[in-house]
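Chemist: Below, each chain spelled out in residue letters.
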Amino acid sequence: MAQTIFHPAASRGKADLGWLKSYHTFSFGGYYNPERMHFGALRVLNDDTVDGGEGFGEHPHDNMEIISIPLKGGLKHHDSMDNVAVINNGDIQVMSAGTGIFHEEHNDDQTEAVQFLQIWVYPNVLNVEPRYDQLTLNKDDRHNKLQQILSPNPDDDGVWIHQNAWFNLGGFDKGLSTEYQLKANGNGVYVFVINGSIRINGQVLNTRDGFGIWDTDKFTIDILEDAEFLLMEVPMSF
Amino acid sequence: MQNIEILIIGKHPDIMKTILRLINNKPGWNGTAVFTADEAIEKGNAIPFNIVLLGAGLNVTESKQIQEHYKVPVIQHYGGGSGLLYAEIYQALNIQP
Chain V
106 MAQTIFHPAA SRGKADLGWL KSYHTFSFGG YYNPERMHFG ALRVLNDDTV
156 DGGEGFGEHP HDNMEIISIP LKGGLKHHDS MDNVAVINNG DIQVMSAGTG
206 IFHEEHNDDQ TEAVQFLQIW VYPNVLNVEP RYDQLTLNKD DRHNKLQQIL
256 SPNPDDDGVW IHQNAWFNLG GFDKGLSTEY QLKANGNGVY VFVINGSIRI
306 NGQVLNTRDG FGIWDTDKFT IDILEDAEFL LMEVPMSF
Chain A
2 MQNIEILIIG KHPDIMKTIL RLINNKPGWN GTAVFTADEA IEKGNAIPFN
52 IVLLGAGLNV TESKQIQEHY KVPVIQHYGG GSGLLYAEIY QALNIQP
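Chains as they are written, first to last, in this note's numbering: chain V, 106 to 343; chain A, 2 to 98.
Hint data in this document are derived by calculation from the structure and do not stem from the laboratory.
All of these numbers come straight from a predicted model, not from anything done at the bench.
All residues carry an ideal CB built from backbone N, CA and C; glycine is no exception.
There's no promise every hint is true.
[Stated by the list, open to error] Stretch-level coverage of chain V by chain A, calculated; a stretch enters the list once three of its residues show a Cβ under 8 Å from a Cβ in chain A:
hint	segment
1	132-138
2	160-172
3	226-234
4	295-304
My request is simple: use the sequences and hints to build the entire structure.
Modeler: This is the structure in C-alpha cells:
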C-alpha cells in the first residue's frame, strides 16, 4: 500500500533577508526541523524570490546535483568553469557540483523580482568532475500531459543528473486526470504544486503544497483547478 | 559549556576555508580543517573532536580509514559549506540550534 506524506505550503521554513524571500520545504540555512530533512534523495526544495538587481554572491558547492527552474523572470549565472548564462522562465539549469565549484547567481533584471525553484538531489556517485548544463523547454509539451525535464540518462529528454531520478512538469486543465508510472523500484515521488489545485490518493494539494508518495508503482493525479506541478521521482534509499 | 569540536577533511582549499568560516561563525563551535586522512588521525590525538565531516575529494580508502579511527559521528558533508552544513551537524549530534 502506498505511503504518503503531506507538507502544506504554510508548514515550510521561511527566510527573509529583505532582497531574498525563500521558503524551504526541507531544513536549510537557518531553518532546522529534524522531521523535515529530505525525501529520499531529494534534499532541498527552495522556493526563492530575489528582488531586482540582487542575488547570491560567489559561493561554493560540492557533491550535490543542483537544479534551478525559473518560474518568473531570469537568473544570471556565472561559475568557476567560466560558464556565463541567463536562464529564464521555461528553462531548466543543472549543475553537478562534484569535487567543487564556485558560482554566483543574480536576478537578470534590475527592477522586477525573479522567482525560481532550487532543488538539490544527493548524487549517486561522489567527487565527479563538475559540470553545467541548461535547456530551454517547450511549454506546449506539458499542456495536459507530463513533460520529462530531467533523467539519469544523457540521451533522454531533459537535462540529466548523477542520480536515478526523473522530473516531470505538467500543466493541466481543470477536470482532467493523469497517471504517473514510476520508473524504478524503490523510488518515490515528491509532488510540488506550482499553482492550482490537484488531488492525489485522496489528498487535495493547493498552490505550493508538497506531497510525497512511495511504496507504489503508479498513482493518479486529478486536476481540481487549472494547475502546474512538478513531479520529482527519486530513490528513497541512496 | 564546552565547545563543540568539529573536524573537516577535504581536498578543495577554498571550499575548506568556507566551511571553516561557517563553523567558526557559530558561537561555541570550533572547526579544524585538514586535507588528508593521516592528518585527520593525527589531529584526533590532540583534539577531542565531537564530530568529523568528510568533505569532497576523499577517496574510499581515506574515508574508511577515518571512519574506522573515530568513535564519534563521522558523516559525509554534502554541498560544500552550503545551507546544509548546520543541519547536518545538528542532526548528527542530536542538538537543536
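Chemist: What hints, given by number in increasing order, does this structure fail?
Modeler: Structure breaks hint 4 only.
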